[in-house]
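Engineer: Each chain, letter by letter, is given below.
Protein chains: 2
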Amino acid sequence: MAPPSQLLNGAGATAGKSITSRMASVYSEVQNSRLDHPLALPSVFRSPFKIVDGPASSAAGNPDEIAKLFPSLFGQPSAILVPGESNESGSALKIGVVLSGGQAPGGHNVISGIFDYLQECCKGSTLYGFKGGPAGIMKGKYVVLTPDYIYPYRNQGGFDMICSGRDKIETPEQFKQAEDVAMKLDLDGLVVIGGDDSNTNACLLAEYFRSRKLKTRVIGCPKTIDGDLKCKEVPTSFGFDTACKIYSEQIGNVMIDARSTGKYYHFVRLMGRAASHITLECALQTHPNITLIGEEVASEKLTSKNVTNYIADVICKRECLGYNYGVILIPEGLIDFIPEVQQLISELNEILASGIVDESGKWKEKLIPQSLQLFEILPPAIQDQLMLERDPHGNVQVAKIETEKMLMQMVESELEKRKQVGQYACHFKGQSHFFGYEGRCGLPSNFDSSYCYALGYGAGALLQGGKSGLISSVGNLGAPVVEWTVGGTPLTSLMDVERRHGKFKPVIKKAMVELDGAPFKKFASLKEEWSLQNRYISPGPIQFVGAEADRANHTLLLELGIQGTLELMIRWLE
Amino acid sequence: MAPPSQLLNGAGATAGKSITSRMASVYSEVQNSRLDHPLALPSVFRSPFKIVDGPASSAAGNPDEIAKLFPSLFGQPSAILVPGESNESGSALKIGVVLSGGQAPGGHNVISGIFDYLQECCKGSTLYGFKGGPAGIMKGKYVVLTPDYIYPYRNQGGFDMICSGRDKIETPEQFKQAEDVAMKLDLDGLVVIGGDDSNTNACLLAEYFRSRKLKTRVIGCPKTIDGDLKCKEVPTSFGFDTACKIYSEQIGNVMIDARSTGKYYHFVRLMGRAASHITLECALQTHPNITLIGEEVASEKLTSKNVTNYIADVICKRECLGYNYGVILIPEGLIDFIPEVQQLISELNEILASGIVDESGKWKEKLIPQSLQLFEILPPAIQDQLMLERDPHGNVQVAKIETEKMLMQMVESELEKRKQVGQYACHFKGQSHFFGYEGRCGLPSNFDSSYCYALGYGAGALLQGGKSGLISSVGNLGAPVVEWTVGGTPLTSLMDVERRHGKFKPVIKKAMVELDGAPFKKFASLKEEWSLQNRYISPGPIQFVGAEADRANHTLLLELGIQGTLELMIRWLE
Chain A
1 MAPPSQLLNG AGATAGKSIT SRMASVYSEV QNSRLDHPLA LPSVFRSPFK IVDGPASSAA
61 GNPDEIAKLF PSLFGQPSAI LVPGESNESG SALKIGVVLS GGQAPGGHNV ISGIFDYLQE
121 CCKGSTLYGF KGGPAGIMKG KYVVLTPDYI YPYRNQGGFD MICSGRDKIE TPEQFKQAED
181 VAMKLDLDGL VVIGGDDSNT NACLLAEYFR SRKLKTRVIG CPKTIDGDLK CKEVPTSFGF
241 DTACKIYSEQ IGNVMIDARS TGKYYHFVRL MGRAASHITL ECALQTHPNI TLIGEEVASE
301 KLTSKNVTNY IADVICKREC LGYNYGVILI PEGLIDFIPE VQQLISELNE ILASGIVDES
361 GKWKEKLIPQ SLQLFEILPP AIQDQLMLER DPHGNVQVAK IETEKMLMQM VESELEKRKQ
421 VGQYACHFKG QSHFFGYEGR CGLPSNFDSS YCYALGYGAG ALLQGGKSGL ISSVGNLGAP
481 VVEWTVGGTP LTSLMDVERR HGKFKPVIKK AMVELDGAPF KKFASLKEEW SLQNRYISPG
541 PIQFVGAEAD RANHTLLLEL GIQGTLELMI RWLE
Chain B
1 MAPPSQLLNG AGATAGKSIT SRMASVYSEV QNSRLDHPLA LPSVFRSPFK IVDGPASSAA
61 GNPDEIAKLF PSLFGQPSAI LVPGESNESG SALKIGVVLS GGQAPGGHNV ISGIFDYLQE
121 CCKGSTLYGF KGGPAGIMKG KYVVLTPDYI YPYRNQGGFD MICSGRDKIE TPEQFKQAED
181 VAMKLDLDGL VVIGGDDSNT NACLLAEYFR SRKLKTRVIG CPKTIDGDLK CKEVPTSFGF
241 DTACKIYSEQ IGNVMIDARS TGKYYHFVRL MGRAASHITL ECALQTHPNI TLIGEEVASE
301 KLTSKNVTNY IADVICKREC LGYNYGVILI PEGLIDFIPE VQQLISELNE ILASGIVDES
361 GKWKEKLIPQ SLQLFEILPP AIQDQLMLER DPHGNVQVAK IETEKMLMQM VESELEKRKQ
421 VGQYACHFKG QSHFFGYEGR CGLPSNFDSS YCYALGYGAG ALLQGGKSGL ISSVGNLGAP
481 VVEWTVGGTP LTSLMDVERR HGKFKPVIKK AMVELDGAPF KKFASLKEEW SLQNRYISPG
541 PIQFVGAEAD RANHTLLLEL GIQGTLELMI RWLE
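In order, the protein sequence lines correspond to chains A and B.
If you're matching positions, the first sequence starts at 1 in the UniProt record's numbering and goes up one per residue.
If you're matching positions, the second sequence starts at 1 in the UniProt record's numbering and goes up one per residue.
Derived by calculation from the structure, the hints in this document are not laboratory data.
Misleading hints may appear alongside valid ones.
Copies of the same chain look alike in the list, so a pair counts if it works inside one copy or between any two.
Pairs of lysine to aspartate or glutamate, EDC-like flavour, derived with a Cα cap of 16 Å [stated by the list, open to error]:
#1 168 with 528
#2 429 with 389
#3 429 with 391
#4 505 with 197
#5 263 with 167
#6 141 with 64
#7 215 with 402
#8 364 with 384
#9 366 with 313
#10 405 with 384
#11 509 with 365
#12 263 with 319
#13 366 with 53
#14 522 with 365
#15 215 with 180
#16 141 with 170
#17 522 with 559
#18 123 with 528
#19 429 with 180
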């Protein structure tokens, strides 16, 4: 084998240091054992297959506007891989791949899936890995991926094979840069691995390339631990499964600790800014006493006082049952769902931008009474976070607000009041936790490993079949891998428009927790029981071997109508 | 089988709700699979064995004073189990067991080890589980443990089988209460599972019972995730292995995230108040860029400014290498090792106790210049923690100070200064983490499962052999379980005295990180390399099956002189 530097092409070699870091890296035994973990493939790939069209598609909303924005792509049908002889030649292709946005476990397997497909079905192909996200496309920074280059990343977490970035290809100049690079590399196709924004961007690029008569096709892949990029044909985004299992391991441990110690309420904030899928899934896996779902809070128009009272009520009821401990799950984005908090933040942004904040507190007179009242009941540390942690535009950084501490202290104050009027007799003790970064880059679960590999393999097939503007879609995920279906869904069919600065912008709408969906309904039917009785489950660390290792998450299985996994193994002594 | 309530004796039934919670609990597949995990036993238990004496013992310090405090127990020899016919009868025993102090993974296995020993070797015996820690002994609150009662807790985390507590048996009245309960239950023996304090207490109880001519013997078991209860014959405390592996999984994930994102320095605070063993072990498992070891900081008399500068120096050097990210491990107890911080805290305690803190800040004039300077450079949130978070005695709660945030902000300020003079050109971004509670109650690793079971089995044998005042000691831990040695070490041999209120008090000295010990020396020899190059290892989630599942932690193996496990599997592409 060649030494690492020779594995890089010219452009790559200049910034090869970070790219080759894994190669010189030290592997744990578990990481090592994962390298050769065998991955099954959907059976359609076992024999000759062809791509057939589904029905024509429309848009998620405002189809007329979407049609105007995507004149070449709008309305194209879904693609489905089925057994049969294809007309496609197996000639060599030149394909690029890019990782876009935040990390999610499994990204490396998408890349190895594309690579293996090309090796298997289009011999002589070249796979370019664009480095550092979409900026790598615009700047033409890439590495030529080889078997040796890819091997150390198989079934491994992280995005460090080619790294990621948050740049967008937006301006006409940037589209032109991408075009120049695509032409220079003679790209037949490009796979964009990303979330809702990145896939919107992928579709715009697909439209642009087609309008410019470039041969370069663009295929998206659904990535985000938040689980909010999904539709009928794309049952889940990759990374969600692993991240939720990692958080649930930690939550399960904290539950056992809570029960053993018997004196703490643990307030656990979980990553997942927009939708509360992660929190809901972790609740289904672990059965906490209280779970706040942002979409439910918004739907019921709850104030922070309502939320505080709800928690305090459960704590008081549990006191009567002899339980002075518990576990409470809080989605990172909770405060985005509480209108009065949003109102306060927007007033603070204006006050801080326009004037001086005097130490004596006279500035507070500018707040409307509701906002002032809310500000005054916030704990000092949270007040500090609101006043001091500003982004470069001077705005409050909502993601930095430690919502779990805020709620914990508001609950403590409420219980103190109740104590004084004899409604509560215990001594409340809270512990706060934030489980976030440690879930984004874990070793992918068996499910995510296989799912990503199939997504990549499918993306390769779609590109070979001449498809563009589709998102790789792998279905029938409740069945064993060999029975999974493979195809592509028109990105335009996921889109709606938003009006920004007087113009329509296409957006893939985030899939929020649906209050009439099976996962939430399951949770809603059990939450009362969980709140008062202790039905804690501790999922333990992710196992890679054994019967339980291949099981997917509850959200996915419930959405697919597969209930069996939630049937509970109650171990009564009998 | 009988329903749960009938499994409890009279005293237990009244508070049976929490005790029986596991029985009505829901188990995850992994928890379930652990229930029947087979545990090997040291070979000495495979055939008849007897207890032989080692040499007479002394004390860790001040043997004359220890001899006065423990007239019946001082000087007794270690006990060693060896093959051979014993004179002991296998008659039924009445034994009590208690969990004392904070949780550590494996406690349930100590209890099941004692139980199985009694079932196997002393048929007809009764095992009483005292509930809620030493208070359960004093109040006579217990449950009679049965096979059905114990089964759901086998190889499970937590202490909830009988729960724990932090009470101590200290006053003459409390010793008398314990005596009354021991006599009422006709106890032949008592096993105290706890840390340094609890084992000191166990020894005082053993001495008291012996002086009162009670037949009740007392045996201790070494428990603490902190890893600071150990000596030559007790190579490690249980729970340390599992907790470090759980933290290392999280740290490894954060490392992959850091490398993939390429823009954050992660400041990770780890549980472990007194000694820095956990932080050191996690460093050996994961190879972070910077690891602060409290004992090293104290030995080199570093100030917080020194520590800040050291971190900033490494960050600047890494900038030159093109790395603007990294991972930094910080032991929870760090500030206890920095004299100037201790000084500030003690001054604050006095000021807050004696006077009024005016809003204008005039109170600060009471601080000595060094303390004032330190206070002023602390971030506002940390100042708040110092001023607002007080314990019931009005003292600063050191454990609540978020040292990782404090350091992060001090490093940020330092780098800002360097930027202004052109010594640093990057934009520093920090992320803080605290990994604590989620490590105390995880499913015990295979090592902790087996080690605890052997400790319990051995404790049973020592009690049957009439021993008292020993701590169960299982040795040769680098070898397969069948080759482990089993015995007991005189608790008095671990003791020294401290003078408190004019009296000598016996204490088991905490085992701190030894700067000339093998684990620290290994770390010290590599820390420079780790700081500048990225040698990250991601251990991944604890596996229960497979070659890697039985491996013990680095600290233990290095202290035993077994280096092999640290030989690195560098996966160069060759």
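Engineer: All the hints need checking, so say for each whether the structure fits it.
Structural biologist: Against the structure, the hints come out as follows:
1. For the identical chains of this complex, residue 168 and residue 528 are neighbours neither inside a copy (44 Å) nor across copies (38 Å), given an alpha-carbon limit of 16 Å.
2. Taking the shortest Cα distances, residue 429 and residue 389 sit within 16 Å of each other only across copies (13 Å), while inside one copy they are farther apart (27 Å).
3. For the homomeric pair residue 429 and residue 391, the shortest alpha-carbon distance between copies (12 Å) is at most 16 Å, but the shortest distance inside one copy (33 Å) is not.
4. For the identical chains of this complex, residue 505 and residue 197 are intra-copy neighbours only, at 11 Å inside a copy versus 66 Å across copies, given an alpha-carbon limit of 16 Å.
5. Taking the closest pair of Cα atoms, residue 263 and residue 167 come within 16 Å of each other only across two copies (14 Å); inside a single copy the shortest separation is 47 Å, beyond that limit.
6. Proximity of residue 141 to residue 64 under the C-alpha cut-off of 16 Å is found in neither arrangement, the shortest distances being 37 Å within a copy and 74 Å between copies.
7. Taking the shortest Cα distances, residue 215 and residue 402 never come within 16 Å of each other, neither inside one copy (48 Å) nor across copies (56 Å).
8. Taking the closest pair of Cα atoms, residue 364 and residue 384 come within 16 Å of each other only inside a single copy of the chain (14 Å); across copies the shortest separation is 21 Å, beyond that limit.
9. For a Cα distance limit of 16 Å, the shortest separation of residue 366 from residue 313 qualifies neither inside one copy, at 33 Å, nor across copies, at 44 Å.
10. Taking the shortest alpha-carbon separations for residue 405 and residue 384, both the intra-copy value of 13 Å and the inter-copy value of 14 Å come in at or below 16 Å.
11. In the homo-oligomer, the alpha carbons of residue 509 and residue 365 never lie at most 16 Å apart, since the shortest distance is 38 Å inside one protomer and 57 Å across protomers.
12. For the homomeric pair residue 263 and residue 319, the shortest alpha-carbon distance inside one copy (11 Å) is at most 16 Å, but the shortest distance between copies (45 Å) is not.
13. Taking the shortest alpha-carbon separations for residue 366 and residue 53, neither the intra-copy value of 60 Å nor the inter-copy value of 80 Å comes in at or below 16 Å.
14. In this assembly of identical chains, the alpha carbons of residue 522 and residue 365 never lie at most 16 Å apart, being 46 Å within a copy and 60 Å across copies at closest.
15. For a Cα distance limit of 16 Å, the shortest separation of residue 215 from residue 180 inside one copy, 13 Å, qualifies, whereas the shortest one across copies, 90 Å, does not.
16. Taking the shortest Cα distances, residue 141 and residue 170 never come within 16 Å of each other, neither inside one copy (18 Å) nor across copies (70 Å).
17. In the homo-oligomer, the alpha carbons of residue 522 and residue 559 lie at most 16 Å apart inside one protomer (11 Å), although the nearest pairing across protomers, at 51 Å, exceeds that limit.
18. Taking the closest pair of Cα atoms, residue 123 and residue 528 never come within 16 Å of each other, the shortest separation being 58 Å inside a single copy and 45 Å across copies.
19. With identical chains, the CA atoms of residue 429 and residue 180 are never at most 16 Å apart, being 61 Å at best within one copy and 34 Å at best between copies.
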